[in-house]
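> Here are the chains, one letter per residue:
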Amino acid sequence: MRSIGLWDAAKITDATRFQSLAAVVTTAGRMTSTPMEALDAIEREVQDAFASVRDEHELRSVHAKFLGKEGSLTLIMRRMPELAPAEKKTFGQAVNRVKTAVETASGGAEQRIARESLERELDREPTDVSMPGRRGRVGRTHPLHRVLYDVTDIFVSMGFDVAEGPETDWETNNFERLGFPADHPALDMQDTFFLKNEGKPGPRALLRTHTSTVQIREMLSHGPPVMVVAPGTVFRCDDDATHSPMFSQIEGLVVDEGISLAHLRWTLATFAQRLFGKNVTTRMRGSYFPFTEPSVELDASCSVCGGSDPHCRLCKGSGWLEVGGAGMVDPVVLTNCGIDPEKYTGFAFGMGIDRLAMIRYQVPSIELLYSNDVRFLRSL
Amino acid sequence: MKISYQWLCELLATKKLSVESVASALTDAGLEVEKVHSVGENLGSVVVAVVKSTRAHPTSKNPLSLVTVDLGGGTELEVVCGAPNVPAPGGRVLFAPVGTTVSSGDGKSFTLVEKPVAGIVSKGMLCSEIELDLGSDGDGIIVIDDIVAAGTKLVEYLPGARDWILEVNVTPNRPDALGHVGVARDVAALMKLPFAGVRPKAITHLIARDDMRVRVESHTPACDRFEAAVMIDAVVKRSPLWLRSRLWRLGLRAINNVVDASNYVMLELGQPNHTYDFDAIAERSIVARNAKDGEALQTLDGKHRTLSSADVVIADPVKALGLAGVMGGEGSGISDKTTRLLLEAAHFDASTVRKMSKRHDIHSDASHRFERGVDPNCPALAIARLKELLCELTGAIPVQADVSAKGPVPVAAALEVTVRDERVSKVLGLRIERDESVRILKALGFEVLAQDAGTITVRVASWRPDVTREIDVIEELGRVHGLDRVPLAVVPSSGARAGVTRDFSLRRRTREAFVALGVDEAVNYAFDSDELFALVGAKASAHIANPLSAERAAMRPTLVAGLLKNASLAARHGERVIRLFEVGTVFTGRNTDDPHAEESSATRANEGPVDEQTRVAFVLVGPRDAWLADAGSVDVLDGKGLIESLMESLFRTTITADRGGEAPPWAHRASYARICAGETVLGYVAELHPSLRAPLKLPAGTVVADLSLAAMASTQRALRALKPSKLPSMRRDVALLVARSHPIGAIGERLRSAAGERCASVELFDRYVGKGLPDGTHSIAFALTFAPLEDKSLTDVDVDGWVKSAVSAVVADFGASQR
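Chain order of the listed sequences is U and A.
Residue numbering for the first sequence is 1 to 380, as defined by this note's numbering.
Residue numbering for the second sequence is 1001 to 1819, as defined by this note's numbering.
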């Protein structure tokens, strides 16, 4: 149903008012007076007539009452013959003056109407902007991929290329070529999921325990220089509060002439500063990985407390965050990949994406990362 | 590995080291101190008290006694005590005054207050080992045998009572750090302290007893050192407090003075060793030999084990006495009645011990050390040290009949390694002065054999099996000199490109496109159960041989199953709107090629043992985006639309949908679409099959899609820019009445093809089915847009003519009529 709004009400009152307005004009045009007197009467009406005009339609009507075909000024011109020749010039000038007055008043009224119309438009009932916006749903990238991409971007900006390889691999690429000693406890550092061999002999197939397999494939596919990061999914048969049997990793490898531990340190320190902030400092300490010698851990100063808070949620009061394990590529690994370790040296590093995601988003347990609980995903 | 700070200080003969400096130096050098436990900080007020008299509690029904003790300085106090072993007057006990915090043995502690016990106020208590956290004995109070004056503080009598236990993460390459001596040696090298190692006192009091001479032999290459000794007149009893508390603090339970001494030597030197009751050994003969297949042995954990020839045992001529380097056997151990001791320390092959440990699923302190590689020169030292301790603790006297045997394979000569100064700088990016290098190597126990202008040659210490090459020595120099001193050097940009890539950026862009289209990303495990895959009609072709559980044994052949599981979970949680996608790897078949084939490495760098494919899948459940209005649940066309948007945003590719191919098992047969781009099949989108709704608790209208990312990406073509005309285009609407059996897509295509080359698009904008129309028909309305060619204006006459041709074509081909 159509409602009667403010505009309709305005039109009703205007119609009444307009009738009285027309009456004034008619009275002024009466032939009982001299043309000059009649002109004076018209001139007196001009201001009032336009002052009460409310819209464009009225404006046109009032304008026509003076200057239209039957307008009072048009009609009064026809009374020119009644005048003496000497008066004609004066009368003509007077008519022109009144015409100008009509046009001026009309123009003024037109501007006033436009202004009033704009005001009315702006004064309409305000929209309740507390209502929900009309929108499409916005999705969420998985937190692991957000962190993985941020981390990868940093390394790419430092000149690394991205290398990838299969998630299943041969034991040769995952362990042997990396110089893992056979029957050594170092193997326990990476509890491995093996694939059923489905009756086929030959080397064992497994789920890669690190993306070092990609580094091996990279070195086998082309010689130095090598400067890649290998992001990807890896697997270890571990499942507890801090370990997931599947997790994400990024490893880096640089092999060229003259590469030293100092280059490794710059790389990881620069990375840490870009990830955690300019003010973090780094420390490098000894460690052990079967495929690097020397092996190091690189720590960054805690970006939250800087080591000042013994109860810091991030560093647990140690003041340091482990950025990743790293080291100089063991000469055996280079040799296994057909690279002369006397001529070339290289460094490698690796870090867990899951832990970085847990730190960044304060994820309380690692299993949440793989729960795909929509409430978890959409909270980030 | 738990390391006692006090013990380190004793070994280094210094009291000047702070705990923090030791922990931080070890951590920096690769022996990461994960935690430092401060222990005994509550024992400062505990003193030695001498019992004066004891009387029974006058009223209590419990066996309480009132003990008057002398606290020194003329102070005597009557204390209520519930222990059954209060010594006779003159005996020494430990007294904790009111205010002392003591342990209740269940991990909790409490502070002593002055309160009446059965009516009598006690101003302190006489303490057990548990209460002072010095041991495991809570059955009675500690009684001290040593002669100590009343009032002596416990921490003066027993300095080790106040200690800091360092939890050191010993990496598998450092078996030497599994004994306090090895850690102390690192501390000495790092903090520039002198360190001479452990040197047992020469024992002068020996008895010659030919009748006790034992035969010791190794008949296996797995045992290349085998040392033994015999002692007599041992008194087996409880160890003194210092030994019991030290073992306790380091995580071992005290047993008796003989076994405790054996364990102490292991914790000190890192050398596992064993003590036997001499009288339980047949024919005074022990050998190390391979076990016989089927040979039986009951190990100390009480389990009966069946051995094979791959096992190595210590045996007398009658029976196996223990699994070599892993665990001793029942029946030959030390008992209260033992007086004659056979001590044994050997060196076993690391790999052999590791295999035995795995095979029998025993992880013992001994196997932990042997499988990492124990110093082959340590057995003799360990025997000497053990004898020294046993003399002191048991009063036993060594028999001058020590014997040792070497295995059939001679112990490898100690390695000599030459290190080039230039190589050190090249690897570390840091110059280490020659003096410093020599200092470090000597401090680590390496013998410097020769030096010249650019090299040092050393003989590697026998306890460092990880050091065999120049690079290993460089690591030692680096870590002791301080890796944190390595400067930062910008990596010279090499311009290297990756030779091995898959679809990293493609997957990333696909994920971002989905997210922009309002879909959330799931990341599922790459493995799940065969049952789950069977539910959606899929079969895994690769399985894990050693899965964590059967639910995680099959490598996923599809992403759909995991996503449906996720959606099902969300629906159970009451989520109405579920939009999930996953971009991930599926495992579709086994690759049988030999990875060792020579040409394989370069050409097949991307291939692994399993065929892997990247798939793109999504599931949509619940109403469309809207508010204050019911926009209805999603259906297969929402799925199709999502794919259209995705393909347009990623590749600017237009797709088509038809009912060709074979519907996937999870698809509703009335509502599925094969998605193609030109001739390429991208995958399928469908409403979920009705029979899957109940098991997954998902509503009707659930939409599922499964696509190949490689196929999607293959549709990408080079784009060519359009030069837009300055002239307006024209639109004409066409309404048709037509049978519903004709696919709307085909009608639209026909309109388009018949409307001439100026027709830029044909879009369906209305469809009506129902009242007023003949059965089986619907009214469909298309908007045809015509675009002018560059500067040539379209005319109404031309456009009307084209529309007429288009309508004629669909009237002719589909029996449509224009409305």
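Don't read these hints as lab results, they were simulated from the structure.
Warning: the hint list may mix true and false statements.
One side only, chain A facing chain U, incomplete, derived with CB under 7 Å [claimed, not checked]:
1. A1029
2. V1033
3. F1110
4. A1496
5. V1519
6. T1585
7. G1589
Beta carbons are placed, not taken as given, at the ideal position from N, Cα and C, and that holds for glycine.
> With a cut-off of 7 Å on the beta carbons, see whether A/F1110 makes it to chain U.
violated, 25 Å
> Hint check: is the beta carbon of A/T1585 less than 7 Å from a beta carbon of chain U?
Holds. Min distance 6 Å.
> Does the interface hint hold: is A/V1519 within less than 7 Å of chain U, judged Cβ to Cβ?
holds, 4 Å
> Once the shortest beta carbon distance from A/V1033 to chain U is found, is it less than 7 Å?
violated, 10 Å
> Is the shortest C-beta separation between A/G1589 and chain U less than 7 Å?
Given a least distance of 10 Å, the restraint on A/G1589 is violated.
> Tell me if A/A1496 is really an interface residue toward chain U, meaning its C-beta lies closer than 7 Å to one of theirs.
holds, 4 Å
> Was the hint right that A/A1029 lines chain U, CB cutoff 7 Å?
At 5 Å from the nearest chain U Cβ, A/A1029 passes the 7 Å test, so the hint holds.
Taken one by one, the earlier hints fail for this structure at numbers 2, 3 and 7, listed in ascending order.
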